[in-house]
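Here's the letter readout for the chains.
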Amino acid sequence: MTRLSGGLIDRSAPLNFTFNGKSYQGFAGDTLASALFANGVRLVGRSFKYHRPRGIVSAGSEEPNGLVTLGHGARQTPNTRATMVPLFEGLEARSQNHIGPLGFDMMAVNDLAAPLLSAGFYYKTFMWPKAFWEKLYEPAIRRAAGLGALSGQPDPDEYDRGYLHPDVLIIGAGAAGLIAALLAGRAGVDVVLADEDARMGGRLLAEGGVLNDTPAPDWVAGVLAELASLPNVRLMPRTTVFGVYDHGIFGAVEQGADPLIGPRETLWRITAKQAILASGATERHIPFANNDRPGILLSGAMRAYANRWAVTPQGAATDRIAIFTNNDDGHRTALALRALGQPVFAVIDTRNDARSLGDYTTHEGAVVSDTMGRKGLRAIEVTQGDRSTWYECGVLGVSGGWNPNVHLASHHRGRPHWDENRLCFLSEDAPQGLHIAGAAAGQGSTEAALKSGLSAARAALKTLGVKVPRMTLPQANSEPDQISAFWHVPSRSRAWVDLQNDVTVKDLKLAHQENMAPVEHLKRWTTLGMATDQGKTANVTALAVMAELTGKTIPETGTTIFRPPYTPVSLGVLGGGDTGVHFRPRRLTPTHHWADARGAVFVEAGAWMRAQYYPTPGETHWRETVDREAAAVRAGVGICDVTTLGKIDVQGADAGAFLDRIYANMMGTLKPGKVRYGLMLREDGQLYDDGTCACLAEGHYVVTTTTANAGLVLQRMEFASQCLWPELDVSLISTTDAWAQIAIAGPKSRELLARFVDDFDLSNDAFPFMGCAALTICKGLRARLFRISFSGELAYELAVPARYGHAVMARLMEEGADLGVTPYGTEALGVLRIEKGHATANEITGQTTAAMLGLGRMVSAKKDSIGAVMSRREGLVDETRRLVGFVPVDADDPVVAGAHLFAPDAPQDLAHDQGWITSACYSPHVGSMIGLGYIESGADRTGEEVIAANPLEGQHIRMKITSAHFVDPEGERLRD
Amino acid sequence: MTFSGFRVIKEALTGHRGWGPLWRTPDPQPEYDIIIIGGGGHGLATAYNLARTYGKQRIAVLEKGWLGSGNIGRNTTIIRSNYLLPGNQPFYELSMKLWENQEQDLNFNSMVSQRTILNLFHSDGQRDAYRRRGNTMHLTGAGGTLLGADELRQIAPYLNFDNARFPIKGALRQERAGTARHDGVAWGYARAADRLGVDIIQNCEVTGFEIEQGRVTGVETSRGCIGAAKVGVAVAGSTSRVMQMAGLRLPIESHVLQAFVSEGLKPTVPGVITFGAGHFYVSQSDKGGLVFGGDIDGYNSYAQRGNLPVVEDVIEGGMAIMPMIGRARLLRSWGGIMDMSMDGSPIIDRTPIEGLYLNAGWCYGGFKATPASGRVFAHLLATDTPHETATAFRLDRFARGYVIDEKGAGAQPNLH
Amino acid sequence: MTDLIPITALGTAAAETTRIGQYELHENTGLALASLSCADDVKPFGLALPEPGKMTQDPQRRSAIWMGQGLWLIAAQDQADSDFAHSLGEELGPTFAAKITEQTDAWVAFDIKATSEGDIQAVLERLVNLPFSATGPGCAVRTLVHHLSVFILRPNRQEITFLGLRSYAESLHHVLEASLRK
Amino acid sequence: MLIPHPLLGPRDAQEFTYLGDASLLSRPDPDAPDAVDAFCDYVFLRDNPAGVHKELWYHEQGDRSWLVVIRNTVTHEVLGAELATDVMRAKGAT
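Here the protein sequences line up with chains A, B, C and D, keeping their order. Everything in the first sequence is counted per our numbering, starting at 1 for the first residue and increasing by one. Everything in the second sequence is counted per our numbering, starting at 977 for the first residue and increasing by one. Everything in the third sequence is counted per our numbering, starting at 1393 for the first residue and increasing by one. Everything in the fourth sequence is counted per our numbering, starting at 1575 for the first residue and increasing by one.
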């Protein structure tokens, strides 16, 4: 239909695609946009606020209008720029943001209501009646807003990530980027050349020029061939560098080469010693009345469509074409199209001294003042002085000059400065090591781009201390661009500045009238520049218009900085891929597979998976299982994997002295073969971890931490060792993973263990409570044994090399069958420790003190330790809350962790809040639910009745305060 | 001029010629009764409350840049009153009540939208902690519901229930929580304060304090010296910089917090959702963008921009709980400077210098606090006594041992 | 000798090898490890203690790996079932014995073999945020791989060993396998 | 960000855990008469400069060394890094 001859498409490879359900054909090398144009499709979408019919306006990633939804089902991808999608077989695209068909959008009624929807209108209304905002107004606004829709289903595609460390990263593979890559590549340094386009070459592919008499695309092909042959150069087409971070780190996304094979996208973190920004420039338009119709494009984009893709945006081949420009570049489009035999009938040039460069009419000192054609341009009104004439016209190219793509250079918040000669913003303080070249530096002609690319590469190589090879530049076009400052055509109708967000010159005027003139207020008040192009096509124009309204210069009016990402980046790729069950790695205990084979139910405990309970046939509820497991420990013997507790090997001549400073209580006096319970405080005096410390030999200790704090304790011990007391001879290493640690608990634990140990006296005298030893078991397996108890029963913890945990567990079950040995999980572990009044993370929250646990006296005043001094502050000393036990007055009542505690007749408000229940469980031992909790003056309230209030769930339960030790408060069993 | 729907219609019919400036652009007077440093949400709300609630006059707000240029314009717009500790919760509940009347009080639609918040939990321990928190909420009238996984699935079927590393076991819901249009909040207060005679002076940077015999008498600014009997400082991430000019060291570090918005999407996430096993919170704006954030970058910074690891970490979290968002695109990210206090809770107090008052230490929580912060800081400035909901926010609580540490993380700001 | 039978870190009875394209992924269950904390004036088994970021090897396939300031990991192939920390203590004598910690079971070792150095580079650049040159032959670096703390050991051009915490074996294996498949 | 590790060269900041102001190296004398006040300052108060800042980073995912890094909090430029043990030894020596 409007396909021309030539171009860089492969006519031997036709590709079928659909748009809004209708089938079309394009060719390999097409983008969706060029293929749509080739099929005469001009209306592709609707604008955000007014739902105006819109067509594609650009040929690049700045496209504000041509956003479509690709694919269907879980692969449905909204808001995709048609200009950036390489056409592929079977591509499915749909237009978005309309109700009913694209041609008859019901929401277009908004366009009629436009006078109501002025800038900031929503701040001024919808306030009455009060309830209507959330119930009526806002839902309506939300439905109308938004662009495309998500599928609502999990993204099924794969993503990947990777890391590159080139010497030089070159962003953009146009003339400047290519020549820079060539120089750096020949110099032998590691080069990454990234370009957002699927095909490298930049504007060289869009212009019809020659370099050294070679057509530009052929010259590009030659350079790429050489670069591809260099092992130190990595070419990355389809790769958008989207962000510049600190110290030469760049974020980049590579689109998969084939939409059906491999990761859909890959996130690259590129750490580059030097970088060259050769990202080109973006053409700007000129607002005039009704400048938003399908068929009105940026003039440079029209040139690209014609030269690279061999298409024009005509609805029909007879549609007449005009150009509206304030600079020479617009004329270049006219020339290019004329050369291809296209019906360019006029160039409307705002400059009074404009001259035709070829065989077309130039209206000098003229403007386009209005247009017609709701779903596609039909006519334009040209005004010259006070004379206005309508011309039939199907395509209008607009050229308002070019904005260098300095976006990445301002990601460190460096502000671009206004260049009054070139009429554009240029980067002044780019991040260190980032050189700007080519059109991005305002060097727009091919010759200038090559020169600046070369000099940027030279500078980068010099900084790297690399010898710069000689290079001669090809001959190329060097026409300087003449441009005049012309920013918009004044009109009483709407003239669009930001096409997607429907911000018009009128809105800017209103913002000015309302004192919203500072550029940041302007943007926020009008939503200018907040669309998916981040203002690439609008901000500079808006600044210029605002400058005109305020009578200031552009630099006085403000500047515009850009934030990452350069173009929108999918959340899928930023999420990096593994976001399901592999979202975070998980740690398995050495007996995990054993427990799994026994049908254990597992639970996440931080990074760990732990056996929660072991159901047996016939058990229908987890409580049944847990009660059985807990009872087995109290009456016989149970075994439980406790490997997850952190273990830190502390060795050295000063290990004891070091531990005295780490623990609040005395630890240095611990003798070999002994274990002691210890408390660790933060330097602010609050309790943060507890555990045991075993002395295996003189100068050799094993510190045990809670599961949750294993990493933190090691970090803080390293801090103490390296930063506070480096003079102490102590070395630290984690051994958490090295040992499978199994608790063997219950009155029959000694009997069971006796069947395992090799020549080791387990009698109470030889190996009493809080003893530890290295020994062997099962005929020679090295092991460690600790006589410690979390359950309150006679108990041991046996550590064996992790590989043997599985076998030891199985052997314990075999050997202990006659003793009724029972594996138990974390639930029963919880029951046993609550019955015994032992604290865990529910009690040690980082907000508690040693005194609250009733262990205030453990904080030694005789020595310095971390947190000792600060634990003497008034607020900590005056703390009266203590850990106590609770049983319901009515034994059938539940006890719920998280309930707050009140005196029976006190009002239930914060002022009368006395504490809360930290842990609760059903206690088979007590025969009812029990709880632990903190309550004010808890030390001497045993026997008192309180209310456990859980208004969140409508519960108010009478509780009796008891000792926190429900089982064997004197601790006789564990010493037995 | 009063804003209303009728007014909008009238202006629409007459070419919008009648709209005037939202606020004046006054030159500073030589002297004020009260100067507020910081033209952000808290500063403007304070000035508004001083004039409106406490009947004060001769008030100026000094803003270094443009009003609303700080964190009020850089946050994820969430409002909620779902705190754990008694030192915090009544204050945030006051804030929620003020939000509920914001539009009517200010005659400005800042789009307060009580769309509910769901704080997901993933373990029994987390559920117990949320129950404790939910009960604190109920004790202050803030409401709240504890949802199990099944109920939650009915409400938010798009969450990752079936393929999660940390299975979702339920959520603490606060129905009254939601979002507000952040810029609109600043503008609403600015316009209302201006209408009450407050001078809002933009592009006026404070460069020093005038202090005589332990008493503040005025400030030096880029636009000259301005006298004042009382000076209130509400400058968020710049707190240490400003207070250092008065010779004070504070329990505050400045950190960068990044925030993110996606391209516009049709309505998909109705309320606010926070992930309990990663760093991610999200809501969807009225324009359709998913507005989300996570943790601070974690190092001291005044740069108003962050780095890639946190971007990835936040979005990984988002993908983990809401895998449907994979094909949405990140449109923009930005950074704000948080005044991270040593216990994660704010400071609203007098300082050792008479007449100098401090409002700081907001960490992530400043936006939702805006109305209450304005109210209680104005109360303090006007009456020299702390407001009843803010008695715990004292500067000496650190030295005395009465910290308000919601997370139990201790004196390390990047853990709060 | 005990009659208990150990299992691999992946929970299988014997180490498994996975072939993916040009790669071979194998759990090395024979590696014995012990940490040694000392000033660098000893030569365990005759091995010179390496500089930061490096490892040294001898023909008996024993190696010394730099872990941190004054801390090395001493490794020996096919000796996982010996009491390696003890042997190292014997070798170095009582002065150093108190600075040795058994580490054999603390780690899981996955070896990846490829047909060319380029293949190794292709895997590493998707897993490791370090310049390829920092992971060259003789390098031993600890870094982060997909939220996992691992040592990357490079005995030669076509091989690489990932040493991760044993409890994370399954996750590390998943990461490596998934990456090789991509 | 990249942290220039004195032993290992530039490493991505992601391998590190940040603690805060390097004044945390100067733990007060616990036996001094004003120890509580001194500790309150030490634990809670910070200069929090906008500019050059000496701070502590822990190479948690690497060699577990604590570093003192000098960094500009406005530009994020890193001006140097030392092992904390070296800094402490130098302090001890003076």
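These are computed hints drawn from the structure, not numbers from a lab. The structure presented is a predicted model; accordingly, all values stated were derived computationally and were not measured. Be a bit skeptical, because a hint or two may be false.
[Claimed, not checked] As a list, the in silico BS3-like pairs of lysine-lysine whose alpha-carbon atoms are at most 30 Å apart:
#1 Lys1040/B - Lys552/A
#2 Lys1574/C - Lys1435/C
#3 Lys863/A - Lys1665/D
#4 Lys135/A - Lys1040/B
[Claimed, not checked] Derived coverage of chain A by chain D (criterion: at least 3 residues anywhere in the stretch with Cβ under 8 Å from a Cβ of chain D; other residues may be distant):
#5 240–252
#6 718–725
#7 869–883
Don't be surprised by glycine CBs; every beta carbon is placed ideally from N, CA and C.
**Asked** Has the stretch 240–252 of chain A got at least three residues whose CB is nearer than 8 Å to a CB belonging to chain D?
**Response** holds (count 5)
**Prompt:** Residue count check for the stretch 718–725 of chain A against chain D: does it reach three with CB-CB under 8 Å?
**Reply:** holds (count 5)
**Request:** For the pair we were handed, Lys1040/B and Lys552/A, check the Cα-Cα distance against 30 Å.
**Result:** 21 Å, holds
**Prompt:** How about the stretch 869–883 of chain A: do at least three of its residues have a C-beta closer than 8 Å to a C-beta of chain D?
**Reply:** The restraint on the stretch 869–883 of chain A holds, since 4 of its residues have a Cβ under 8 Å from chain D and three suffice.
**Asked** Within 30 Å, alpha carbon to alpha carbon, are Lys1574/C and Lys1435/C?
**Response** 42 Å, violated
**Asked** Taking only the CA atoms, is the gap from Lys135/A to Lys1040/B under or equal to 30 Å?
**Response** 39 Å, violated
**Item:** Satisfaction of hint between Lys1665/D and Lys863/A, Cα-Cα up to 30 Å
**Value:** 24 Å, holds
The structure fails hints 2, 4 (numbered hints given earlier, in ascending order).
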